[in-house]
Each structure stands twice: as structure tokens, then as C-alpha cells.
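**Student:** Residues per chain are reported as follows:
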Amino acid sequence: MYMFLAITAALFVSVALVLVRLFAGPTLYDRVLAVNTFGTLTVLILSALGFVTERPDFLDIAMLYALVNFVGTIAILKFFRYRSFGRLRPEPEER
Amino acid sequence: MDPVLVDLARNIATAIAFIVGGGFILVGSLGLIRLPDVWSRIHAAGIIDTIGAELILIGMMFQTGLTQTTLKLALIGLFLFITGPTATHAVANASFIAGIRPDRLKRNESEAVLGEDTPEEMKA
Amino acid sequence: MTKALGLLVALFALWLALSGYFKAFLLAVGFLSCLFTVFLARRMKLLDDEAVPLQLRLTLPLYWSWLGGEIFKSAWAVSKIILSRNIALSQQLIAVESPLKTDMGHVIFANSITLTPGTVTVEAAPGKFLVHALTDEAAGAEAFGEMARRVAAVETR
Numbered sequence: 130m131y132m133f134l135a136i137t138a139a140l141f142v143s144v145a146l147v148l149v150r151l152f153a154g155p156t157l158y159d160r161v162l163a164v165n166t167f168g169t170l171t172v173l174i175l176s177a178l179g180f181v182t183e184r185p186d187f188l189d190i191a192m193l194y195a196l197v198n199f200v201g202t203i204a205i206l207k208f209f210r211y212r213s214f215g216r217l218r219p220e221p222e223e224r
Numbered sequence: 079m080d081p082v083l084v085d086l087a088r089n090i091a092t093a094i095a096f097i098v099g100g101g102f103i104l105v106g107s108l109g110l111i112r113l114p115d116v117w118s119r120i121h122a123a124g125i126i127d128t129i130g131a132e133l134i135l136i137g138m139m140f141q142t143g144l145t146q147t148t149l150k151l152a153l154i155g156l157f158l159f160i161t162g163p164t165a166t167h168a169v170a171n172a173s174f175i176a177g178i179r180p181d182r183l184k185r186n187e188s189e190a191v192l193g194e195d196t197p198e199e200m201k202a
Numbered sequence: 002m003t004k005a006l007g008l009l010v011a012l013f014a015l016w017l018a019l020s021g022y023f024k025a026f027l028l029a030v031g032f033l034s035c036l037f038t039v040f041l042a043r044r045m046k047l048l049d050d051e052a053v054p055l056q057l058r059l060t061l062p063l064y065w066s067w068l069g070g071e072i073f074k075s076a077w078a079v080s081k082i083i084l085s086r087n088i089a090l091s092q093q094l095i096a097v098e099s100p101l102k103t104d105m106g107h108v109i110f111a112n113s114i115t116l117t118p119g120t121v122t123v124e125a126a127p128g129k130f131l132v133h134a135l136t137d138e139a140a141g142a143e144a145f146g147e148m149a150r151r152v153a154a155v156e157t158r
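Chains A, B and C, in that order, give the protein sequences. If you use the numbering used here, the first sequence corresponds to residues 130 to 224, in order. If you use the numbering used here, the second sequence corresponds to residues 79 to 202, in order. If you use the numbering used here, the third sequence corresponds to residues 2 to 158, in order.
Okay, chain A solo, but in the shape it has when bound:
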């Protein structure tokens, strides 16, 4: 029990540090990297809180968050590369 509280505290400290990088930037890719790391830490916090509150259902939420976080990161990067979610590759003359 106390172990899980301790690891949750450590994760929250880590989240605070990641948030500093998220707001400081300076480039877009720093921020995307920080958001992705933030998502991983959120997954871990959710599972740790599931143990603290003794409700294993939290793990299902954590699993979904892991998947959604991955899709979100890829979608953001794809959007800023092609300025569209639909196209797979840039047209040859645009390169």
C-alpha cells in the first residue's frame, strides 16, 4: 500500500518535470515528445491508483489510455507533416 503511494508520488514529480518541458518547448517536436511521455506516465499513475484504491478496473482504463496515447501521437505528427489526416504520401511535385 505505502509502496504504491510512494511510486505514485514519484510519478507525479516526474509528470511535473515533463510538464515544464511541455510548456517550455521550444520546438513542436519537444512538445510532442513531452506529450507522449506524459501519456506513458499517466498509464503508470492510473495502474498505481488502481492498486491504491483496490479497484483493478483502473487497469482497463490504463490499457485504453496506452492505445489512445499512441494513436494520438502518431496522428499529431502525421498532421503536422502532411497538414492533413487523410493523405498517405505527399504528391511527388511537392517534395
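Take these hints with a grain of salt, some might be off.
Keeping only pairs whose Cα atoms sit at most 20 Å apart, straight-line, the calculated EDC-like set for lysine to aspartate or glutamate is [what the hints assert, rightly or not]:
no.	chain 1	residue 1	chain 2	residue 2
1	C	Lys24	C	Asp49
2	C	Lys129	B	Glu187
3	B	Lys184	C	Asp137
4	C	Lys81	B	Glu187
Just a sample of chain C residues kept apart from chain B, beta carbon distances all over 10 Å, derived [stated by the list, open to error]:
no.	residue
5	Leu12
6	Thr60
7	Glu138
Treat the hints as calculated values from the structure; they're not laboratory data. From the three backbone atoms N, C-alpha and C, an ideal C-beta is built for every residue, glycine too.
Given chain A's structure and the hints, the job is docking chains B and C onto it.
**Tutor:** Chains B and C alone, transformed into the frame defined by chain A:
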């Protein structure tokens, strides 16, 4: 086996995994702040995504024994294990395409790999 | 056909692991939904080596445990750099030859390079990867050779 001893061994295993994993996570997030540019920060995020996350999940698995919860934790670990490097690669590739150069690059062999497709900014 | 069966077994195992119910009605419904998913995947022609990697050897978990050790070692090295007083980096973009035969082998190799902190795969070309390394030690050629040999051992039966 004495159940009290088994419990103690479990708790010790979890404590070790949490201390090492939590330490790596704190060091990784410190690195996100301290390192000088995107390219080096990617490696700090890699520490958090791989070893930190996996060690903490393994530590939780020691506590649950052989139950459905353990299976779910293992599944979360597997998802992170597969999606983590893919997301990291996506960030690295996107900043490469955008032409962001690493600070004080010592060796640059991008033209050896990409040939004519090398972005102008990345040519040596 | 083997691929469809493999996917069905994997999907049903996942369903069981996530639901945890063993009533006859729920099992039947779950099995039907897995069957429907396999049918859809077959219609979309997704049943190839990528979606159902049955061609990999069963020693893959052994490779993962070796990789875990490597990850620990290189995470330790990167941590020491982060915690040192003056951060001494020698960043480099190096070309790494990939001697593997299948696409899946290339993917496993590139992902393993990215998984070890200190090296990140940046771009892929036929038979080669562009790898960003944080230090000279991380860019050492012998580490990649060892990894490629181990991936080659699991990529095909």
C-alpha cells in the same frame, strides 16, 4: 513454503523494482529538462518509456500473483513495449524531415543512407 | 488458413484475458465476435506475415529477455550522462547495415535499436538504417552486429 516468507519476498521484489524503475523515471524526466536539444531529449524519453515503465509494471505484477490482473498488467506492458519505440521513431523521423539538426553533430552519414533524398538541411 | 486460425486463437485468448467470465452464453458470443473479426480481416486481405507473425520463432521471448538486459545497460549509461555535472555529448547520425531478409526482421531490428536508450532509428532505406546515437559508446558497431545476429535467429523458422 511459509506464506509470511512468500509475502515478504514479494514485497522485497516489488520494492526493488519500484526503486529502480522510479529512479530511472525521475532521471529520465530530469534529462528531458537538462539535455540541450530535441535529439538528445528523445533518448531521455526513451528511458522513461522502456525501462522505467516496464520495471514499474513488473513490480506491480509481483504483488498480484497469478490472477487476471497480472495478465492485464502484462498486456499493458506489451502494448507499451511495442508502441513506445514506434512513437519515439515517429518523433525522430518527423524532426529529421523538418530539418532540425542535432547540436554539434560529430558524424553525419545521412547521405550514405538516403542518397539524393537527403533533406538539404541534413547534408554534411 | 493457418493465419486465420492463428488470429482466431490469439483474439479469443485476448478476449478471455480481458473479460474473465466463463459463462457458456458469454463465451459463445465472444467466440462469434472473434470469428466475425477474422472474417472481416480476411475480406480486407489483412492476413499476411505482418498482421499474424506466425513465421517468427518461438524463441522470441528469449530474445526479448536478452534485449531487456541490453536496455538496462544502455539506460544506465544514458542516466550517468544525464546526472553528470557537465553533459558531454557527441551526437552522431550513423548508417547501420541491416543484413536481415524479411520485412518483419527489419522492423524488429529497427524497433530494438530504438528501444535501447542512446540510439534511435531515424530513417530507413533498403538494407540500411540511419541511426542517431548520443555517444561514441552507443554508436559502437559491434553492438548492432550482435543484435542483428540475434534478430536473424528469430525472424524465420
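**Student:** If a hint holds in the structure, say so; if it doesn't, say that too.
**Tutor:** Structure-based check of all given hints:
{"no.": "1", "hint": "C/Lys24 x C/Asp49", "in the structure": "violated (33 Å)"}
{"no.": "2", "hint": "C/Lys129 x B/Glu187", "in the structure": "holds (11 Å)"}
{"no.": "3", "hint": "B/Lys184 x C/Asp137", "in the structure": "holds (9 Å)"}
{"no.": "4", "hint": "C/Lys81 x B/Glu187", "in the structure": "violated (27 Å)"}
{"no.": "5", "hint": "Leu12", "in the structure": "holds (13 Å)"}
{"no.": "6", "hint": "Thr60", "in the structure": "holds (17 Å)"}
{"no.": "7", "hint": "Glu138", "in the structure": "holds (13 Å)"}
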